[in-house]
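Read top to bottom, the protein sequences are chains D and W. With my numbering, the residue at position 157 of the first sequence is 157, and numbering never jumps. With my numbering, the residue at position 10 of the second sequence is 10, and numbering never jumps.
No lab work stands behind these hints: they were computed from the structure. Cβ atoms here follow ideal geometry from the backbone N, Cα and C, with glycine treated the same way. Any given hint could turn out to be false.
With a cut-off of at most 30 Å between alpha-carbon atoms, the simulated BS3-like pairs for lysine-lysine come out as follows [unchecked claim]:
hint: 1; chain 1: D; residue 1: Lys66; chain 2: D; residue 2: Lys17
hint: 2; chain 1: D; residue 1: Lys216; chain 2: W; residue 2: Lys115
hint: 3; chain 1: D; residue 1: Lys12; chain 2: W; residue 2: Lys104
hint: 4; chain 1: W; residue 1: Lys45; chain 2: D; residue 2: Lys205
hint: 5; chain 1: D; residue 1: Lys130; chain 2: D; residue 2: Lys108
hint: 6; chain 1: W; residue 1: Lys4; chain 2: D; residue 2: Lys38
hint: 7; chain 1: D; residue 1: Lys12; chain 2: D; residue 2: Lys75
hint: 8; chain 1: D; residue 1: Lys229; chain 2: W; residue 2: Lys4
hint: 9; chain 1: D; residue 1: Lys139; chain 2: W; residue 2: Lys115
hint: 10; chain 1: W; residue 1: Lys45; chain 2: D; residue 2: Lys229
hint: 11; chain 1: D; residue 1: Lys12; chain 2: W; residue 2: Lys43
hint: 12; chain 1: D; residue 1: Lys226; chain 2: W; residue 2: Lys45
hint: 13; chain 1: W; residue 1: Lys43; chain 2: D; residue 2: Lys205
hint: 14; chain 1: W; residue 1: Lys115; chain 2: W; residue 2: Lys104
hint: 15; chain 1: D; residue 1: Lys38; chain 2: D; residue 2: Lys75
For each label pair, taking beta carbons as the anchor points, the in silico distance ranges come out as [unchecked claim]:
hint: 16; chain 1: D; residue 1: Glu91; chain 2: W; residue 2: Ile103; range: 52 to 60 Å
hint: 17; chain 1: D; residue 1: Asn48; chain 2: W; residue 2: Asn6; range: 37 to 45 Å
hint: 18; chain 1: W; residue 1: Glu91; chain 2: D; residue 2: Glu102; range: 51 to 59 Å
hint: 19; chain 1: W; residue 1: Gln17; chain 2: D; residue 2: His194; range: 30 to 38 Å
hint: 20; chain 1: D; residue 1: Arg236; chain 2: W; residue 2: Ser102; range: 24 to 32 Å
hint: 21; chain 1: D; residue 1: Thr63; chain 2: W; residue 2: Asn6; range: 22 to 30 Å
hint: 22; chain 1: D; residue 1: Asn37; chain 2: W; residue 2: Val13; range: 46 to 54 Å
hint: 23; chain 1: D; residue 1: Lys38; chain 2: W; residue 2: Ile103; range: 49 to 57 Å
hint: 24; chain 1: W; residue 1: Leu70; chain 2: D; residue 2: Glu177; range: 27 to 35 Å
hint: 25; chain 1: D; residue 1: Val238; chain 2: W; residue 2: Lys43; range: 44 to 52 Å
hint: 26; chain 1: W; residue 1: Leu70; chain 2: D; residue 2: Arg236; range: 29 to 37 Å
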Amino acid sequence: MKKLRIMRGREKMIEVKNITKNYGRKKVLKGVSFTANKGEITCLIGINGVGKTTIMNAIMNLTPIKSGEILIDGKKVDKASYEKITFIPDEITMLQQMRIEEAMEFMKDFYTSWNQKRADEMLHFFRLEKTDRISELSKGNRAKANLLLGLALDVDYVLMDEPFSGIDIFSREQIAEVFTSHLIEERGVIITTHEIHDIEHLIDKAVLLDQGVILKEFDAEEVREKEGKSIVDVMREVYRA
Amino acid sequence: MGLKFNSRDPVYVQVVQHFKERIAKGELEPGGEVPSRRELANKLKINPNTAQRAYREMEEEGLIFTEGNLPSRVTKDEQILRALREELIMEATSAFITSMRSIKVPLDEMLENVKENYEKTSNNEGKGEND
Numbered sequence: 001m002k003k004l005r006i007m008r009g010r011e012k013m014i015e016v017k018n019i020t021k022n023y024g025r026k027k028v029l030k031g032v033s034f035t036a037n038k039g040e041i042t043c044l045i046g047i048n049g050v051g052k053t054t055i056m057n058a059i060m061n062l063t064p065i066k067s068g069e070i071l072i073d074g075k076k077v078d079k080a081s082y083e084k085i086t087f088i089p090d091e092i093t094m095l096q097q098m099r100i101e102e103a104m105e106f107m108k109d110f111y112t113s114w115n116q117k118r119a120d121e122m123l124h125f126f127r128l129e130k131t132d133r134i135s136e137l138s139k140g141n142r143a144k145a146n147l148l149l150g151l152a153l154d155v156d157y158v159l160m161d162e163p164f165s166g167i168d169i170f171s172r173e174q175i176a177e178v179f180t181s182h183l184i185e186e187r188g189v190i191i192t193t194h195e196i197h198d199i200e201h202l203i204d205k206a207v208l209l210d211q212g213v214i215l216k217e218f219d220a221e222e223v224r225e226k227e228g229k230s231i232v233d234v235m236r237e238v239y240r241a
Numbered sequence: 001m002g003l004k005f006n007s008r009d010p011v012y013v014q015v016v017q018h019f020k021e022r023i024a025k026g027e028l029e030p031g032g033e034v035p036s037r038r039e040l041a042n043k044l045k046i047n048p049n050t051a052q053r054a055y056r057e058m059e060e061e062g063l064i065f066t067e068g069n070l071p072s073r074v075t076k077d078e079q080i081l082r083a084l085r086e087e088l089i090m091e092a093t094s095a096f097i098t099s100m101r102s103i104k105v106p107l108d109e110m111l112e113n114v115k116e117n118y119e120k121t122s123n124n125e126g127k128g129e130n131d
């Protein structure tokens, strides 16, 4: 019985299948398909306004799609999914007057998957003070606090929207370090960016997006190995074609 | 401590190369423990999957071995170690010859330069760690 289930069980992943979405008359997603495996870092790359955040919102079921389907481990997103997947938006969504400790308290009340031990570990790692108010944090520290609140959830999948944008280089380095640690190990991560440089060596898979369509989806190491190309080389080919 | 990666070679290959150099230099001794996959990922600032892959590759090449649940260790097989050293020497030599040839340096002059500079640079040994 058990063996049979393993054989039949699909691999753990997020599957985005041919999704479309319009804002009014504007077609923002025109049949987007890709997969993001658990245990891997998948990077959605594209300039601003090509639909990256919309895809994230669609995966989280925060915005309706016109057609297509999104599956997490073979199942559609429902209420229970939110203990399995989390979305870290590009700006911290907590009330500005809250202290970090209050924001953590808030998350703890809201999610059963909250892991305080991990949150404390990240406070230390990012050198944040839990008594600091969110409104008084530097931009880099706000980004770190934002990441902390999402990553402290014991979930299988983490979506991160532009975690590197608009912050100083040392904060970026520190955040990139998260991707080399047990904080994301075994999890499936989807990260969006318009600037690959900070994480070029860290991602498993790249998905190139433009104007609501996927231009290319590839394994970063494979492209280096088989074609001797960097991710940026492939981007240059694809976007300048 | 961090390793500088180029963006066109697979990261795992670069990690393997880094280990080969460290073994050849004697920084990693035969039979010595290598860091865990997680430690390695952290140290070199790479994706844990990449660390895993580098170790798998090294294990296949016989450079490291793992017994049961114990930490992996550098091979004690002298034949492998000798072959590794030869491989690195060959790589460096052919790269050197290629760049000398490209500027049309004859063998005599090339050897002369090697002899002359070998002594000089050996004083600065160890300063410019792998980069």
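Hint check:
no., hint, verdict
1, D:Lys66 - D:Lys17, "12 Å, holds"
2, D:Lys216 - W:Lys115, "52 Å, violated"
3, D:Lys12 - W:Lys104, "57 Å, violated"
4, W:Lys45 - D:Lys205, "17 Å, holds"
5, D:Lys130 - D:Lys108, "15 Å, holds"
6, W:Lys4 - D:Lys38, "28 Å, holds"
7, D:Lys12 - D:Lys75, "10 Å, holds"
8, D:Lys229 - W:Lys4, "17 Å, holds"
9, D:Lys139 - W:Lys115, "56 Å, violated"
10, W:Lys45 - D:Lys229, "21 Å, holds"
11, D:Lys12 - W:Lys43, "28 Å, holds"
12, D:Lys226 - W:Lys45, "23 Å, holds"
13, W:Lys43 - D:Lys205, "22 Å, holds"
14, W:Lys115 - W:Lys104, "18 Å, holds"
15, D:Lys38 - D:Lys75, "14 Å, holds"
16, D:Glu91 - W:Ile103: 52 to 60 Å, "55 Å, holds"
17, D:Asn48 - W:Asn6: 37 to 45 Å, "29 Å, violated"
18, W:Glu91 - D:Glu102: 51 to 59 Å, "57 Å, holds"
19, W:Gln17 - D:His194: 30 to 38 Å, "32 Å, holds"
20, D:Arg236 - W:Ser102: 24 to 32 Å, "27 Å, holds"
21, D:Thr63 - W:Asn6: 22 to 30 Å, "40 Å, violated"
22, D:Asn37 - W:Val13: 46 to 54 Å, "22 Å, violated"
23, D:Lys38 - W:Ile103: 49 to 57 Å, "52 Å, holds"
24, W:Leu70 - D:Glu177: 27 to 35 Å, "28 Å, holds"
25, D:Val238 - W:Lys43: 44 to 52 Å, "33 Å, violated"
26, W:Leu70 - D:Arg236: 29 to 37 Å, "46 Å, violated"
In summary, the numbered hints that this structure violates are 2, 3, 9, 17, 21, 22, 25, 26.
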